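Since the structure of chain A is already known, use the hints to place chains B and C on it.
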Amino acid sequence: MKEHYTGTATNRVDGRAKVTGEAKYAAEFEVPDLLYGVVVNSAISKGKITRIDTSAALALPGVHQVFTHENRPGYTWLDSHYQDEDSPPGSPFRPLYNNEIKFSMQPIALVVADTFELARYAALLVHAEYESQPHETDLEANLPKAYKPKKYKSPPPSDPRGDAPGAFAAAEVKLEEAYAHPAHHHNPMEMHASIAIWQESGKLTIYDKIQGVQNSQKYISNAFGVPQEDVQVISPFVGGAFGSGLRPQYQLFLAVLAAKELKRAVKVVLTRQQMFSFGHRPFTIQRLAIGASADGKLESISHNAFAETSRFEDYNEDVVIWPGVLYNCENVEVSHQLVGLDVYTPLDMRAPGGTTGTFALEIAMDEMAYKLNMDPVEFRLKNYTDKDLNKDKPHSSKELKECYRQGAERFGWAKRKMEPRSMKEGHQLIGWGMAHGAWEAQQQEAAAKAVLSPTGKLTVSSATADIGTGTYTVMSQIAAETMGIALEDVTFELGDSTQPKSPLEGGSWTVSSVGSAVKLVCEKLQEQLLKLAQKMENSPFSDAKIEDVSFENGQMFLTQAPATSISLQAILAQDEGQPLEAEASQKPDKKQKNYSSYSHSATFVEVKVDEDLGTVKVTRIVSAVAAGRIINPKTGRSQILGGAVWGIGVALEEHTVLDHTIGRFMTHDLDKYHLPVNADVHETDVIFVEEKDEIVNPLGAKGLGEIGIVSVAPAIANAVFHATGKRIRELPITLDKLM
Amino acid sequence: MHTENSPGTETAVRPLLPETRTVTLRVNGTSHQLQLAPWTSVLDALREHLHLTGTKKGCDHGQCGACTVLLDGKRINSCLTLAVMQENKEITTVEGLAQNGELHPVQQAFIDHDAFQCGYCTPGQICSVIGMVNEGKAKTLDDIKDLMSGNICRCGAYVNIVKVAQEALEKNTGL
Amino acid sequence: MRPFTFTQAQNVDTAVREVSSDGAKFIAGGTNLLDLMKIDVMQPSHLVDITQIALDTIEETEAGGLRLGALVKNADTAYHELVETRYPLLSHAILAGATAQLRNMATDGGNLLQRTRCYYFYDTHTPCNKREPGSGCSAIKGYNRDLAILGTSEHCIATHPSDMCVALAALEATVHVTGKSGERAIPFADFHRLPGDTPHLDSNLQPDEIITSIELPAQGFARNYTYLKLRDRASYAFALVSVAAALELEGNTVKEARIALGGVAHKPWRVPEAEALLQGQTASRENFQKVAEAYLQGAQGFGHNNFKIELAKRAIVRALEKATKMEATA
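Residue numbers (this note's numbering), protein chains in the order written: chain A, 1 to 739; chain B, 1 to 175; chain C, 1 to 330.
The hints are simulated quantities; they were obtained by calculation from the structure and are not laboratory data. On a predicted model such as this, the values are computed, not experimentally measured, just so you know. Keep in mind that a hint or two might mislead.
Unchecked claim - Partner residues are not named here, just some residues of chain A that face chain B (Cβ under 10 Å, in silico):
#1 Arg12
#2 Gly15
#3 Lys18
#4 Ala27
#5 Ala170
#6 Lys174
#7 Pro188
#8 Gly468
#9 Arg637
#10 Gly649
#11 Val681
The C-beta atom is built at its ideal place from N, Cα and C for all residues, glycine as well.
Extracted from the complex, chain A is given alone in its bound form (with noise of 0.2 Å):
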């Protein structure tokens, strides 16, 4: 029999390492004669730094040096040194490369010290003195500066499909209405670190917190002039990133510089607080115009997003693509402009631009279905669409509908009434709402390892990244399944920049593309396990092709008869007890530009709100997600659970709050800026849709790591309105806007 290891819940593989602390996060490897970094930040938001007096930290026994613009290194000076490969189009940020001061908090100098303690206070001497200059940091207020960036991050805006203004004014229900989705930071419960070691021969090896350990080789590489060869950076855990280990981070930079000039071994931790000095989710405004026919079918949607961006980047996300994606609507226009203002560039967070863009458009939708009198989950079904209207491609798998069946029926959806406050337990008012949401199912080219050691033994490697998603574990079933070994035989290695060349971490890209590149070495590795069975002195394998032959139990046999087979160690020990190697690159197949892929989600929730004092309790979730084969549903059910917590946070707790006086993001820490805990989450169910798909990459899975959380915000506040009738467009949805 041979075993299924993808589909198969399956415990993850690192399990053990996580929880008894064994598993090494980027600033718990051991280093001989460590030095520490502590990052001094800048205390205004825009201006020169008039002066920066070191003496007094650098007058500390213990203190090495303290690195400012000032006695900085020569930098390269080309902005496609410091470019890495998430960097949006402009200017990168580069650390301490003058007296500017672009935003709040922008680090200005590292001291370092021997001990962690004496250079977090030799920070505190360092004395800076500045001349402020005016910021702008408040978007709404700079509106009307808003522009298109001559290069969009991500595929620019759909061109206008039919005339949607036209149709809107001919419209029998319109909907006009403007939401706001605030700025979020990433805060994985790791701070981002890295420990930057000089070696004699001028090599570093780095230790790093980062979503790609290739991303910030080249990063460093090119921002120092170190050949890449002489640049290997090692990151085999990552505590949780979201996006924001998508780029190299500031002390990433600061401990290689430290490092090479003090020609010693530098560890830089940012702190909690500096975990809010670098890329958010960025405060985004959303005008949405929508016109349905008086029975329920859209007409139009405009779908227009205003977004902060640095003055030295423009970042841009997919938030206007969903009406495309999610609507059957012949008359569409959308727009995504920037305001530039004095803050860091915003990066790429979980479910970029989906869960900003869905939020809006689901609440929208919701608002339509109750001017429409129509149920929402029905409303949706009249304007279904099975092709991809931005790219005009079919979908090369859709189960959206079986996803409001089955979460619908889980839920007990039927039983809803249309009425807002219609439900209510003591003074507790009673919503239930749904939303839907899509996220696209990317491969990118990815290459993979393999060694097969004479005992049988396989070892897969490839330089992605375990975020927490379970890379290590899918990799493994994968590997284990196409081989015809057990699972326990197998090792998957990531995380070291010399291993083959894997994209970053991100985008739900893992599985599809690693885990293609992992299959096909893996049958790599079979096609030459079968030329070495063909050497054998009478090998009845001696005229099979590699289809002829099947792989299971540790065994290679002709599949026609069974009968005949062989050990893959017999066949090993051909080779004079020399392990087996192969390598492969997969990029994804042409059949695949025909279609769209994307996974889909529908999620239901149930919420109670105090009539009196505004406070939500979400007190059911059911998220329906179709997303293709899922390789471990374990750890893809921990996924989806995931993104219903994140769903929460962005519904009712999340804001990065700016002060505009100072030009401050003031919720820098944990205690202000509110994650969900552990009370705050009640009954999650989540249903996997089943969903075969052939074309999206050759394991037919369309990647978890975003699906869970698009849909889930806009849920909850469509609850919110069926508890209460009141209509919050401004996000967190907190207990003041509900009194």
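This is chains B and C only, laid out in the frame that chain A set:
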């Protein structure tokens, strides 16, 4: 003009640098003599001096719970206490839970219920579940959720963490 | 964190003597002090560890009340049998605050001395009269969602963050302190201060004084009480508004009412004249609304926190309803 950290705010008695002293910490049943200044937290002593990095730093301010360890069997935030103040106490970290290579039942339950993703909050969550069992105050599901709310999980594994906690209470798997 | 010298005091006299030097502070639970030292908001040059002083017991007083040793941990207080049965309001208030971990560390005396959680107090790059007298208040015209609506001054709109203190105010506890000039007892209402033009002073405790105990009077309101806390998440968050309500009822008539508000002022907020409005009156929603209106007399919002005025009124009504058990789910 904005200035900060102006020199001159120092009091006359502040030492240039703190003097170190021998501090004896009992961690996971073993006594360690460390040369520490009073400004070293238990968390930094564990991570930077004893290289016991299983205990995590997630905020350094008692706002996340990643640094949770057991002090004489009860949960504390190791980031908010000084090592010099915890001599002669029994500190248990995640590294001290498995016995002879066999995982503590709560550790095993975290794996079986997939009660984590990135794993960074996990040692704190595990110590917190064990502490909750030891402290004996959780009776209802709502109690569990409230008494486990001192451990933030950004990956959002709460539903599964609660299952572990319920199981640990039923089986009384404390220290 | 700046360097400091460190000593351990074995008794109150030594502690008081050692804390008298310039820049010295006591440390016990450390949960707020170390938090603030790490971000340079507090800069003691000497710490006196008082955790070895024998002030860690809860004892009955001759007056029929309880004496909580200053060094009893918050968790041990909340779960103490006599507190749970005779002063459940206090128990509930303590458990509504912080987390299990922090309550296992923080002491009862230290709880009284928590500093404000104002955004600007916590950021040394912004002006703050509490942190740096005379530098200005950033919160009044800045972001002030969490901040005070009652008893504010033009210099400071900080709130006191404690839950425990709200209950202690309602229960009319007494704080016992010892200093160089001897012992004194401070009624709870006089312990904390309003900001006025000295917002850097949170309380009337003198720099050389140590809290030795908190005394609870005999009357515990164990039958009709509620601690209602409203916050931005279900646990592990400071109060936007909290209400400690305690009633002495005779049938449906209020003999005595105690109400203290948290999250709205520089100290737990009580208005005895407003409480008196209930005396001899029927415990009814209508009467509770009158008290709530009276309680919020003179309240002033600063923009982001305007909602607290109405929220506090509704919270008072709800808390009193719960305390009278007019509300089924307490």
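So, going through the hints one by one against the coordinates:
{"no.": "1", "hint": "Arg12", "result": "holds, 7 Å"}
{"no.": "2", "hint": "Gly15", "result": "holds, 4 Å"}
{"no.": "3", "hint": "Lys18", "result": "holds, 3 Å"}
{"no.": "4", "hint": "Ala27", "result": "holds, 8 Å"}
{"no.": "5", "hint": "Ala170", "result": "violated, 45 Å"}
{"no.": "6", "hint": "Lys174", "result": "violated, 38 Å"}
{"no.": "7", "hint": "Pro188", "result": "holds, 6 Å"}
{"no.": "8", "hint": "Gly468", "result": "holds, 3 Å"}
{"no.": "9", "hint": "Arg637", "result": "holds, 7 Å"}
{"no.": "10", "hint": "Gly649", "result": "holds, 8 Å"}
{"no.": "11", "hint": "Val681", "result": "holds, 4 Å"}
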